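S.K.: Read off the chains here:
2 protein chains.
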Amino acid sequence: MPELRKDPVSGRWVIISIERGKRPSDFLSPTLKRKEGGFCPFCPGNENTTPPEIISFRPSGSPANSPGWSLRVVSNKFPALQIQGELNKIGEGIFDKMNGVGAHEVIIETPEHAQSLATISQKAAEDVLWAYYFRLSDLKKDMRLKYVLIFKNEGETAGASLEHSHSQLIALPIVPKVVKEEMETAKKYYENKERCLFCDIIVQEAAADKRVIYENERYIAIAPFAPREPFETWILPKRHESAFMPADKSFSSLAEIMQRVLKQLDKVLSFPPYNFILHTSPFKDEINDYYHWHIELVPKLTKTAGFEWGSGFYINPTPPEEAARFMKEARI
Amino acid sequence: MPELRKDPVSGRWVIISIERGKRPSDFLSPTLKRKEGGFCPFCPGNENTTPPEIISFRPSGSPANSPGWSLRVVSNKFPALQIQGELNKIGEGIFDKMNGVGAHEVIIETPEHAQSLATISQKAAEDVLWAYYFRLSDLKKDMRLKYVLIFKNEGETAGASLEHSHSQLIALPIVPKVVKEEMETAKKYYENKERCLFCDIIVQEAAADKRVIYENERYIAIAPFAPREPFETWILPKRHESAFMPADKSFSSLAEIMQRVLKQLDKVLSFPPYNFILHTSPFKDEINDYYHWHIELVPKLTKTAGFEWGSGFYINPTPPEEAARFMKEARI
Numbered sequence: 001m002p003e004l005r006k007d008p009v010s011g012r013w014v015i016i017s018i019e020r021g022k023r024p025s026d027f028l029s030p031t032l033k034r035k036e037g038g039f040c041p042f043c044p045g046n047e048n049t050t051p052p053e054i055i056s057f058r059p060s061g062s063p064a065n066s067p068g069w070s071l072r073v074v075s076n077k078f079p080a081l082q083i084q085g086e087l088n089k090i091g092e093g094i095f096d097k098m099n100g101v102g103a104h105e106v107i108i109e110t111p112e113h114a115q116s117l118a119t120i121s122q123k124a125a126e127d128v129l130w131a132y133y134f135r136l137s138d139l140k141k142d143m144r145l146k147y148v149l150i151f152k153n154e155g156e157t158a159g160a161s162l163e164h165s166h167s168q169l170i171a172l173p174i175v176p177k178v179v180k181e182e183m184e185t186a187k188k189y190y191e192n193k194e195r196c197l198f199c200d201i202i203v204q205e206a207a208a209d210k211r212v213i214y215e216n217e218r219y220i221a222i223a224p225f226a227p228r229e230p231f232e233t234w235i236l237p238k239r240h241e242s243a244f245m246p247a248d249k250s251f252s253s254l255a256e257i258m259q260r261v262l263k264q265l266d267k268v269l270s271f272p273p274y275n276f277i278l279h280t281s282p283f284k285d286e287i288n289d290y291y292h293w294h295i296e297l298v299p300k301l302t303k304t305a306g307f308e309w310g311s312g313f314y315i316n317p318t319p320p321e322e323a324a325r326f327m328k329e330a331r332i
Numbered sequence: 001m002p003e004l005r006k007d008p009v010s011g012r013w014v015i016i017s018i019e020r021g022k023r024p025s026d027f028l029s030p031t032l033k034r035k036e037g038g039f040c041p042f043c044p045g046n047e048n049t050t051p052p053e054i055i056s057f058r059p060s061g062s063p064a065n066s067p068g069w070s071l072r073v074v075s076n077k078f079p080a081l082q083i084q085g086e087l088n089k090i091g092e093g094i095f096d097k098m099n100g101v102g103a104h105e106v107i108i109e110t111p112e113h114a115q116s117l118a119t120i121s122q123k124a125a126e127d128v129l130w131a132y133y134f135r136l137s138d139l140k141k142d143m144r145l146k147y148v149l150i151f152k153n154e155g156e157t158a159g160a161s162l163e164h165s166h167s168q169l170i171a172l173p174i175v176p177k178v179v180k181e182e183m184e185t186a187k188k189y190y191e192n193k194e195r196c197l198f199c200d201i202i203v204q205e206a207a208a209d210k211r212v213i214y215e216n217e218r219y220i221a222i223a224p225f226a227p228r229e230p231f232e233t234w235i236l237p238k239r240h241e242s243a244f245m246p247a248d249k250s251f252s253s254l255a256e257i258m259q260r261v262l263k264q265l266d267k268v269l270s271f272p273p274y275n276f277i278l279h280t281s282p283f284k285d286e287i288n289d290y291y292h293w294h295i296e297l298v299p300k301l302t303k304t305a306g307f308e309w310g311s312g313f314y315i316n317p318t319p320p321e322e323a324a325r326f327m328k329e330a331r332i
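Here the protein sequences come in this chain order: W and C.
Just so you know, we're using my numbering here: the first sequence kicks off at 1 and counts up by one.
Just so you know, we're using my numbering here: the second sequence kicks off at 1 and counts up by one.
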């Protein structure tokens, strides 16, 4: 019998079709292979084909926008939002609009075209996380901005238009709906229980040990109870932290668990396309007791169709308990 | 400058990238061509390869599950939910689940494999709407069920697994999150204004006449103010109606506007894949002053990527005013 499960964070219901339980081999894998050779604006030597660097990690003394870097952050060449201009909020009868003030940046994670976030060195992965943190800390100073959404699309079917490994950030003058809802749900839970919803989930998952994929000293990776997609994975700090930050001034534990999970995913599903989204508290309320920052990693294996669109209601053919088992048993 | 727009119904914000305004020809069209010849379980003569008919439109006297029908409704061969069994709601610590009681049916819209919902006769399109209505009215009697979601995936990239033109319905023991949210927003608006939010939208859109695509005596088709995707189109009854119903006991006006909009879409975008979702009030509160049933039609032209997933926040490269103009000017 299929099962209906509710995600306590988002409130969405998911159908887990237990009887049709799909194994990793059932997913037609649009395996991601990076082809070297063609022109790539993110490769060293082509720095002049991107907008100028906002920050970069490079040997001291090496000039900006020249080769030698290990990581670059640049503006998106076709930005969805623009940093210039005053923020004007305007009503149009019943409708609300504002001009598109914000930022849209690209984090080029490695100079090596053939590498991925899973395969770069752990030091390089830590630098990616530092880049996220530095950009968040900088954009926070702009009083027009309310939220920074950091995400990564890996593979063309997940929306990546360039294959060279990169993440993106979009800084917004509003708090997006999904974040707002998560904050409200978490706040209500806290008001009721005096405990963080995510902390409670972590305690229960660790005790049940059916959906835990991996944990290290500071972080835990789980298949959530009501995943939208097969092999959806969340990475959370085990200690309560409301906003994305380096634990004890280091990102080494986070880089370790992130790369491990990505390698497990690559092993089990043969380099699947995926989306990766950092969920953190809005600037205005960064330090709080009720919200718990985390990473949501969603492989793109099924076609999200009309039903999902229309209802916010998902059908997932792989129970998370099975996905967690496959992930744990992957030899990487 | 790009513009941020808020959809008043869902509360989601959308970036309309006005400067990169994309024209219909910019969308790589995965044109849907139906290939006759292969085996199709929905074609006449193959009735025994589907589960038995729940209802069908066929000449009186012609036996069920034999050729001669003009429309059939059958259970989905691989149902996401099952109609048998008692509904059990169970807690698992912090989590909520229930067994998958419900229904999953397929409406085979025409016996002719090469036809689409746009190209069948208007009488046949009216019958599709009658089939929706009959199934809704029947499933409503099952006290375990709270909502019926009716939708259509046209084309493989929109999630259709068989190309023979069909719609689906999923009857659920819960009200899906998106519907619940729309109801709550509409209710709040009504409490504040004593008017229906959708009725107000219709009045404003008709007066502005920038996003109206087409209207007939009873219905209006608009490009919504903050569309998620290029060429997203809503069809609404002009008179306040909270639940899907035949106006004056007829579906002729609705079939007319629906087919007209689909033909315009086929003309402008060369037979794009699309999702079509019927939004109507839940069974428990079918007749009310605040919610207004409607159809949302969303062509599948862009890849919904990590950003959209993570935030419920969309980037749309085609302003609805332009989309409405292209649709209106389409010679069909």
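Calculated from the structure, these hints are not laboratory results.
Some hints here could point you the wrong way.
One copy or two, it doesn't matter: identical chains are merged, so the pair holds either way.
Said to hold, decoys possible - Below are the EDC-like pairs computed for lysine to aspartate or glutamate, each with C-alpha atoms no more than 16 angstroms apart in a straight line:
hint: 1; residue 1: K77; residue 2: E329
hint: 2; residue 1: K249; residue 2: D127
hint: 3; residue 1: K238; residue 2: E217
hint: 4; residue 1: K89; residue 2: E3
hint: 5; residue 1: K6; residue 2: E191
hint: 6; residue 1: K77; residue 2: E181
All values derive from a computational prediction rather than experimental measurement.
S.K.: For K249 and D127, with the copy left unspecified, which applies at a CA distance of at most 16 angstroms: within, between, both, or neither?
M.R.: within (13 angstroms within a copy, 65 angstroms between copies)
S.K.: For K6 and E191, with the copy left unspecified, which applies at a CA distance of at most 16 angstroms: within, between, both, or neither?
M.R.: neither (20 angstroms within a copy, 29 angstroms between copies)
S.K.: At most 16 angstroms between C-alpha atoms: does K77 with E329 qualify within a copy, between copies, both, or neither?
M.R.: Neither, since 41 angstroms and 33 angstroms both go past 16 angstroms.
S.K.: Reference check for the pair K238 and E217, CA-CA at most 16 angstroms: within, between, both, or neither?
M.R.: Within one copy only: 8 angstroms inside, 60 angstroms across.
S.K.: Classify it for me, K77 with E181: is the Cα-Cα distance of at most 16 angstroms met within a copy, between copies, both or neither?
M.R.: Neither: 31 angstroms inside a copy, 36 angstroms across copies.
S.K.: If the cut is 16 angstroms between Cα atoms, do K89 and E3 qualify within a copy, between copies, both or neither?
M.R.: between (44 angstroms within a copy, 10 angstroms between copies)
This entry does not satisfy hints 1, 5 and 6, going by the numbered hints stated previously.
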